[in-house]
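In the order they appear, the protein sequences are chains A and B.
Residue 8 is where the first sequence starts when you use the working numbering, and the numbers rise one by one after that.
Residue 8 is where the second sequence starts when you use the working numbering, and the numbers rise one by one after that.
Treat the hints loosely; a few may be bogus.
Below, computed lysine to aspartate or glutamate pairings styled on DMTMM-like, alpha-carbon distance capped at 25 Å [as the list claims (entries may be wrong)]:
1) 182/B <-> 197/A
2) 181/A <-> 27/B
3) 69/B <-> 122/B
4) 181/B <-> 220/A
5) 407/B <-> 119/A
6) 204/A <-> 135/B
7) 347/A <-> 265/B
8) 350/A <-> 22/B
9) 204/A <-> 27/B
10) 347/B <-> 265/A
11) 407/B <-> 197/B
12) 175/A <-> 22/B
13) 304/A <-> 378/B
Here are some, though not all, of the chain A residues that point toward chain B, as calculated from beta-carbon distances under 10 Å [stated by the list, open to error]:
14) 194
15) 347
16) 353
Note that these hints are calculated values from the structure, not bench results.
Note that the Cβ used here is the ideal one computed from N, Cα and C, for glycine as well.
Protein chains: 2
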Amino acid sequence: IEQQNSEVVKAKLEDLHPMDIAEIMDELNTEEAKFLYLLLEGEKASDVLIEIPENERRRFLKVLPPELIAKQFIEYMDSDDAADVVRDLEEDMKEAVLQKIADKEQAGDIADLLEYDEESAGGLMAKELIKVNENWTVQTSLKEISKQAEDIDEIYYVYVVDDDDFLKGILSLKKLILNPTHSKIKNLIEDDIHYVKTDASHEDVAMAMERFDLVAIPVVDHIGRLKGRITIDDVVDVIREEAERDYQMVSGITGDVESGDRVWNLTRARLPWLLIGLLGGILGARVLGANEEALSKIQGIAFFIPLIAAMAGNVGVQSSSIVVQTIASGARDFDSFGKKLLKELAVGLITALVFSTLIFTYNFAFSNSMELTWAVSISLFIVIVFASLFGTTIPLILNKLKIDPALATGPFITTMNDILGLMMYMLIAKLFFNII
Amino acid sequence: IEQQNSEVVKAKLEDLHPMDIAEIMDELNTEEAKFLYLLLEGEKASDVLIEIPENERRRFLKVLPPELIAKQFIEYMDSDDAADVVRDLEEDMKEAVLQKIADKEQAGDIADLLEYDEESAGGLMAKELIKVNENWTVQTSLKEISKQAEDIDEIYYVYVVDDDDFLKGILSLKKLILNPTHSKIKNLIEDDIHYVKTDASHEDVAMAMERFDLVAIPVVDHIGRLKGRITIDDVVDVIREEAERDYQMVSGITGDVESGDRVWNLTRARLPWLLIGLLGGILGARVLGANEEALSKIQGIAFFIPLIAAMAGNVGVQSSSIVVQTIASGARDFDSFGKKLLKELAVGLITALVFSTLIFTYNFAFSNSMELTWAVSISLFIVIVFASLFGTTIPLILNKLKIDPALATGPFITTMNDILGLMMYMLIAKLFFNII
Numbered sequence: 008i009e010q011q012n013s014e015v016v017k018a019k020l021e022d023l024h025p026m027d028i029a030e031i032m033d034e035l036n037t038e039e040a041k042f043l044y045l046l047l048e049g050e051k052a053s054d055v056l057i058e059i060p061e062n063e064r065r066r067f068l069k070v071l072p073p074e075l076i077a078k079q080f081i082e083y084m085d086s087d088d089a090a091d092v093v094r095d096l097e098e099d100m101k102e103a104v105l106q107k108i109a110d111k112e113q114a115g116d117i118a119d120l121l122e123y124d125e126e127s128a129g130g131l132m133a134k135e136l137i138k139v140n141e142n143w144t145v146q147t148s149l150k151e152i153s154k155q156a157e158d159i160d161e162i163y164y165v166y167v168v169d170d171d172d173f174l175k176g177i178l179s180l181k182k183l184i185l186n187p188t189h190s191k192i193k194n195l196i197e198d199d200i201h202y203v204k205t206d207a208s209h210e211d212v213a214m215a216m217e218r219f220d221l222v223a224i225p226v227v228d229h230i231g232r233l234k235g236r237i238t239i240d241d242v243v244d245v246i247r248e249e250a251e252r253d254y255q256m257v258s259g260i261t262g263d264v265e266s267g268d269r270v271w272n273l274t275r276a277r278l279p280w281l282l283i284g285l286l287g288g289i290l291g292a293r294v295l296g297a298n299e300e301a302l303s304k305i306q307g308i309a310f311f312i313p314l315i316a317a318m319a320g321n322v323g324v325q326s327s328s329i330v331v332q333t334i335a336s337g338a339r340d341f342d343s344f345g346k347k348l349l350k351e352l353a354v355g356l357i358t359a360l361v362f363s364t365l366i367f368t369y370n371f372a373f374s375n376s377m378e379l380t381w382a383v384s385i386s387l388f389i390v391i392v393f394a395s396l397f398g399t400t401i402p403l404i405l406n407k408l409k410i411d412p413a414l415a416t417g418p419f420i421t422t423m424n425d426i427l428g429l430m431m432y433m434l435i436a437k438l439f440f441n442i443i
Numbered sequence: 008i009e010q011q012n013s014e015v016v017k018a019k020l021e022d023l024h025p026m027d028i029a030e031i032m033d034e035l036n037t038e039e040a041k042f043l044y045l046l047l048e049g050e051k052a053s054d055v056l057i058e059i060p061e062n063e064r065r066r067f068l069k070v071l072p073p074e075l076i077a078k079q080f081i082e083y084m085d086s087d088d089a090a091d092v093v094r095d096l097e098e099d100m101k102e103a104v105l106q107k108i109a110d111k112e113q114a115g116d117i118a119d120l121l122e123y124d125e126e127s128a129g130g131l132m133a134k135e136l137i138k139v140n141e142n143w144t145v146q147t148s149l150k151e152i153s154k155q156a157e158d159i160d161e162i163y164y165v166y167v168v169d170d171d172d173f174l175k176g177i178l179s180l181k182k183l184i185l186n187p188t189h190s191k192i193k194n195l196i197e198d199d200i201h202y203v204k205t206d207a208s209h210e211d212v213a214m215a216m217e218r219f220d221l222v223a224i225p226v227v228d229h230i231g232r233l234k235g236r237i238t239i240d241d242v243v244d245v246i247r248e249e250a251e252r253d254y255q256m257v258s259g260i261t262g263d264v265e266s267g268d269r270v271w272n273l274t275r276a277r278l279p280w281l282l283i284g285l286l287g288g289i290l291g292a293r294v295l296g297a298n299e300e301a302l303s304k305i306q307g308i309a310f311f312i313p314l315i316a317a318m319a320g321n322v323g324v325q326s327s328s329i330v331v332q333t334i335a336s337g338a339r340d341f342d343s344f345g346k347k348l349l350k351e352l353a354v355g356l357i358t359a360l361v362f363s364t365l366i367f368t369y370n371f372a373f374s375n376s377m378e379l380t381w382a383v384s385i386s387l388f389i390v391i392v393f394a395s396l397f398g399t400t401i402p403l404i405l406n407k408l409k410i411d412p413a414l415a416t417g418p419f420i421t422t423m424n425d426i427l428g429l430m431m432y433m434l435i436a437k438l439f440f441n442i443i
């Protein structure tokens, strides 16, 4: 479609939602995407830009002049989206773009937002909000709101501040509509409200909004002055990203990839954990190599290597992922470290009993070595209990050390448990066959 | 704290958020929780009830009389939450509770909602909404809205319908405030709106609201009549649950468990996938048993069993989880089935080349059997390529068959790849050592 025919393409683009256009552009090369982009008009162009994945956007903005960026995109954007775009530019580009913005108030807002850490509530918030003074009447407020509302798509709450801009409470539009025009705002406000500080983490913001079912949350500085607001759509993205990151960790992928990405990106995201798996495999080969005598003397001992390794790995991943998910869900936790371990010990013991009995029955029926039957069952028992405790402990310790506990799920825990499981299996088998 | 002292406890409860109270109650036994519960008043009691996990709630509602349930909880709830609670009751309890509801309109709304499939948009929506007729003026509308707004916590949009209740568009409160009182609603409405049908899946609702950054979405029946609305807080729960389910699948857990749960629940959630792992292990033992001759004749062949199995498992999980995540994110996909496989083939070939070279180098340096060195490297190469393709194909096929593709992640794909990897390894080793 993307040969030359601007008119046809333009007509088609008008019917599409910005996110769909962004996805189409993601499939094109830079030149084609640029051609497509220049056909878009004002607000739509900026809506599309914000939907393009970050690394693509960076590549794309590099080929556009600062003036065009300022006039065609930034001026149509809310301050939070604009700050995200500007933040990604190179240092001298940043200044050039900020200077080209015609609306100096907007430029100032963006510059303010750039001061905040990207990972904090300040980096997520927008400056556009509706605020009224607590001493105004409903009538004055309605007039002021009409003025302020021009730049804002949707009003969820009206924030109430005092003369020094300290956040005093919120006011729903419903109250404004339903009360007589001469009422004082002071008497209508809801003052038992939820807010976050500018340096709160994205996770804290998401947790607060989810817990209290909020559509927007005000952001205040350390002494309580109103600085901005965060809306639920940004938080939905945070929740989604957080869940995706944990999912990627447990499945051994580094970085945010989708099957539509380029081959090289897909490969690169998979190599690091596989390398750990390879090193684990080599270590496992060393463990078995050190037990060469047992392997050659005990008939059938090698048969159960995959079983022991697989069970150790699966049990470990289960334990660690339950811990990680509990931490991620932000559920308040009444169990102490010790109680958690005791509980996991109970779970491990039951699981171990079930599966070592099963494998004992199987081997009792089909194997002709009673020693091997015992060695496999007892090894499986010990390996399962150990893998449960190990899988629970590591993420809890990482979390205490303020390291992302999700690091301890997936290939890491599998590999560790594989090796440790093999060592125990070999040791126990040798004990049964008196080869030590 | 929960001995007798009602007054002290009551005072403490007043300061707590419903969700915190729900978590405390989760830790208590049924009798203690009931005692605590009866201390709560009206609206707070119903807010707490809705935060209690479903299975706990069922246990708890059983011990309360229908009249109390109707008067103390249901009457304070929005219709969607009320329907969720009533849906969980046993058949005769359901009718008893519905009959005890004083507000017949509310009882009717709840009964209507119970007709919808719990997993559909109809099962998620609430009946409470603000609607105006397109022929009214702003002034009439404001008056009607004040009447309707009594039962509703927050107004996000005003829905506009015609005389037959067909959804014509939406109106933001902002527009109502900013326009002259004699304007006709017809001229103010936004008619390019997003809505869902009553039988849309939760996932479709979540995708639409996320894609278009909506705070609330109207639900219409098959001919377009307005039936209810779904708000973002319910959808955030859907997104969270969906992500958690995929996470549990990949880590081999069935059911929604947290480390705070009871030992038996934790164990039960882990047994099914471990059983599959055990069967896989036994199959693996059979495969190795059938190759007993090769294992005893070829020195060192057993050492690399864990390596081959682990790499096959890890690669398979990576491939399948990328597919599952791409499907779950709802990204529109322009790649055909064939193109996906070709891409995955490329990824698999690069990965295989990297790791078989690495293991070749290692064995070349440390092993004294050139045949074994070749056999391990070539097996690893083939196993990685195969595991990539397998991991990609299975979830894609499941998705085509309308089965949850997440089923094919985690222990399932690991176990399959373990066994197939072992078979290939044995076959290739035998070829190299001429034992076939």
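Okay, which hints does this one fail, numbers in order? The structure conflicts with hints 2, 5, 6, 8, 11 and 14, although it agrees with all the remaining ones.
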